[in-house]
Amino acid sequence: MTGLITMDDLTNEEILDILDDAERLLPVAKGELYLPLLQGRIMGNLFFEPSTRTRMSFETAMKRLGGDVINLGDVKTSSVVKGETLYDTIQMVDGYTDIIAMRHPRQGAAQYAQDAARVPILNGGDGAGNHPTQTMLDLFTIRQAHGTLDGLKVVLAGDLRYGRTVHSLSHALTRFGCELIFASPSLLRMPAEIVSDLQGHGADVTETEDLYGSINDADVVYMTRIQKERFADEDEYARCAGAYKLHAKHLSDVKEDMIIMHPLPRVDEIHPSVDSTRHARYFEQAFNGVVARMALLCRLLGVAVPADVSAAGGAL
Amino acid sequence: MSNEQSMRRVTAIRNGTVIDHVPSGQALRVLEMLGIAGETSVPVSLVMNVPSKKLGSKDIIKVEDRELTQTELDRLALVAPDAHVAIIRAYVVAEKLSINLGEEVVNVVRCTFSNCITTNSREPLAHRLRVVSRDPLQLRCHYCGRPQDLDELVKNAL
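Protein chains in written order, with our numbering: chain F, 1 to 316; chain G, 1001 to 1158.
It is worth saying that the hints were derived from the structure and are not from the lab. Since this is a predicted model, take the numbers as computed values, not measurements. For glycine and all other residues, C-beta sits at the position ideal for the given N, C-alpha and C. Accuracy of the hints is not assured; some may be wrong.
Said to hold, decoys possible - One side of the interface only, derived from the structure: several residues of chain F facing chain G at Cβ under 7 Å:
#	residue
1	Tyr-87
2	Arg-106
3	Gln-107
4	Ala-109
Stated by the list, open to error - Computed spacing ranges between beta-carbons, pair by pair:
#	chain 1	residue 1	chain 2	residue 2	range
5	F	Gly-73	G	Ala-1126	44 to 50 Å
6	G	Arg-1134	F	Asn-12	26 to 32 Å
7	G	Gly-1035	F	Asp-9	46 to 52 Å
8	F	Leu-264	G	Ala-1126	55 to 61 Å
9	G	Ala-1126	F	Glu-49	22 to 28 Å
10	F	Thr-11	G	Val-1042	15 to 21 Å
11	G	Tyr-1091	F	Tyr-162	55 to 61 Å
12	G	Tyr-1091	F	Thr-11	57 to 63 Å
Claimed, not checked - One-sided and incomplete, this derived list gives chain G residues near chain F with beta-carbon spacing under 7 Å:
#	residue
13	Tyr-1091
14	Asn-1115
15	Ile-1117
16	Glu-1123
17	Arg-1140
18	Tyr-1143
So that you can see chain G by itself, here it is in the shape it has in the complex (with noise of 0.2 Å):
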């Protein structure tokens, strides 16, 4: 691949999703919520740290031929939750599609609380997490009260 497609790469998508406005240093985090990080198949674009108007300086990232589904963009919810996700079709812009961070997040982590009681896999009930402040993202367990450690849930993604 040439210099050349490569910085073409990172700048337009034929198809698939681009998320913008993610905050400075945070893309491999959202990867990983996103489970992209490591083996994927998919090509996967990202640029780190570049000058932002709005933010002084942020992330993008760009998924080509994957379109985010609503439960991918809960979990963003999670890391980035004032990132811009435009689906990208033919090299336009398709849709723009919002990220909703609401009063609880259902279903979308794992409380990261070894002794909670869903935990047990086999437990049926959906996973809850309330969202006590948003700047900064705090989270507590429904269940268990637990304030929620942003790092290790990450690692919850269900």
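In isolation and in its complexed conformation, chain F is listed as follows (with noise of 0.2 Å):
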């Protein structure tokens, strides 16, 4: 395995290894305990476009094991602004760090990256392209939750037209026989090749406008941001908005074990009354990105995670 650019480069079975990595390395990404796995190890952070999350998460899980992260900083005083092409810039952090993690507003950026490149590169992100730690970072959520992937009941709800995020996560539990609902306004309905693409692995799809009537007996409701730019007519925004509104007053009748996840920033999709329910795992599922990339990080650069990360490591 060379880097991770799209939940392909993985088998199930690597991904079942590399949660349970993550699930060890939980009292590091807590700083419960210190574990320099990655002590010497320079990451590049790349981000050729905003990102708080992710980039955060990522630096975070470097430093947590004991690595140490330049970053590109901004792209309007970097040489990109000088009219640098993506190979150049490769070239250069290539000889600086032992593993790069990148965001482009390019789609395709990240293999092409991936190509120029000797070190691994995480792909945190190409335009409307894969964003395969966020979906690492899912996963782990689920599983945290429920215990497994396996034949769960999914809704993804809101804009699944434009949003990657939901578009490799239907890939990735269709890989584990999840059930998959999709609900959304029609104008961001799942594009029909991903749904037809999914049918074609076997995907048991439904696709609904009925967000509500949806999750009575889902296992996980994962929730995204529906953008006023999108829409052309301010009120069509606010009729379809006005239907992907959760509200505590909505989850009276849902399985106890139910989780709400988002991928975060949210605006009105989520009410803050469902945040003390016990459903609620989006601050959760932010903070999993830490351990979900530092598994990711250990996994990419060839260290092995301990079986007893307890033993292995000290204390703060």
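Given two chains presented individually in distinct reference frames, assemble the corresponding complex, making use of the accompanying hints.
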């Protein structure tokens, strides 16, 4: 394995192994234990477009494991603004680092960078393409709650057309035999080619506009943000967005162990009244970005996570 | 030019290339892919929708005083992968060229997705499209993974 560009780079067995590694690294991610597995290693953080959670959690992951991070910094002040090609930028950073985490506005940029680099590339999002590290943290969160990924009923709701998070996640969940319900306004439906691709892989997919009618027998409800700029008409936006606002009052008949996830940032799609319910998992999910990325960094750098992390680690 | 001469041009050329067994109705697309549509200094003859034992009906293209290059054959593979190409010299078939559509099409056409990293013409790595299906022909960009629209692809020859 060189880098992680799409979820197709991982077999189901590798996914589960990495999630096991992540599970063991939890005390390190929480700062309860010091385990410098990546001491002396340097990660290049190349974010060609804005990111808060992904960039910060990559940085935290590397530092919790004793590694170091160099940042591209603001694209506006880097050599990119002078017209440097991605190829040249990668050639340079490749010489400075042991691994590169990257986000780029152009689709295919991560694969392109991997072809140009000797060090592994971790795709932190390329245009509307892939975001596999987000998928790994999502899978970690789901397995943490349900103990398994197999055969769960998952509702994906909101903007399914443009959200790369839900595209990647749907493919991964299909590989584990999950039943998928896509709840979205018709304008923001899951692209037809993705639905047919999923069905071609044996997915059980239902499409609906009715979010509230879909959640009662779900194991996971994955909400996404509906962006105003996707709509030509403000009234249409208001009508659609209004039908995808989850409030605590909607949760009276849901399964006890159902979890609500969101890649964040949220706007109005999850009311703060949900935060204090047992179903809310979005903040843990954001934290899990650290532990999932720690496990991926170890894997791509060829560093084994000890079976007994407590015995291997020390106090901070 | 007499009608008789015109007929002869369609039936036999002195020097050039004959592309036979082009899928019926695809001749214009082939010419576009080869960059010999519109203004061209060499005589081009084509017949469309003629009966064929093998295909039912087919198109035939004859390009005079021009021999197709390997790059052009690679482009042809994307629009008429089963075509037969013959190089004619002094009225006889001097060479038969084979069209090979491999696993990947490299530096023949550019990805059709407008936000693909390869749309920046200054990026130096090769343009690569994976052949995911041969019949019907389906291609995906190696980098962005997008399926390619074959009609659009004709306009993206390198």
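For each hint, the structure was consulted:
no., hint, verdict
1, Tyr-87, "holds (5 Å)"
2, Arg-106, "holds (4 Å)"
3, Gln-107, "holds (4 Å)"
4, Ala-109, "holds (4 Å)"
5, F:Gly-73 to G:Ala-1126: 44 to 50 Å, "violated (30 Å)"
6, G:Arg-1134 to F:Asn-12: 26 to 32 Å, "holds (29 Å)"
7, G:Gly-1035 to F:Asp-9: 46 to 52 Å, "violated (37 Å)"
8, F:Leu-264 to G:Ala-1126: 55 to 61 Å, "violated (38 Å)"
9, G:Ala-1126 to F:Glu-49: 22 to 28 Å, "holds (25 Å)"
10, F:Thr-11 to G:Val-1042: 15 to 21 Å, "violated (54 Å)"
11, G:Tyr-1091 to F:Tyr-162: 55 to 61 Å, "holds (60 Å)"
12, G:Tyr-1091 to F:Thr-11: 57 to 63 Å, "holds (59 Å)"
13, Tyr-1091, "violated (48 Å)"
14, Asn-1115, "holds (5 Å)"
15, Ile-1117, "holds (4 Å)"
16, Glu-1123, "holds (5 Å)"
17, Arg-1140, "violated (11 Å)"
18, Tyr-1143, "holds (3 Å)"
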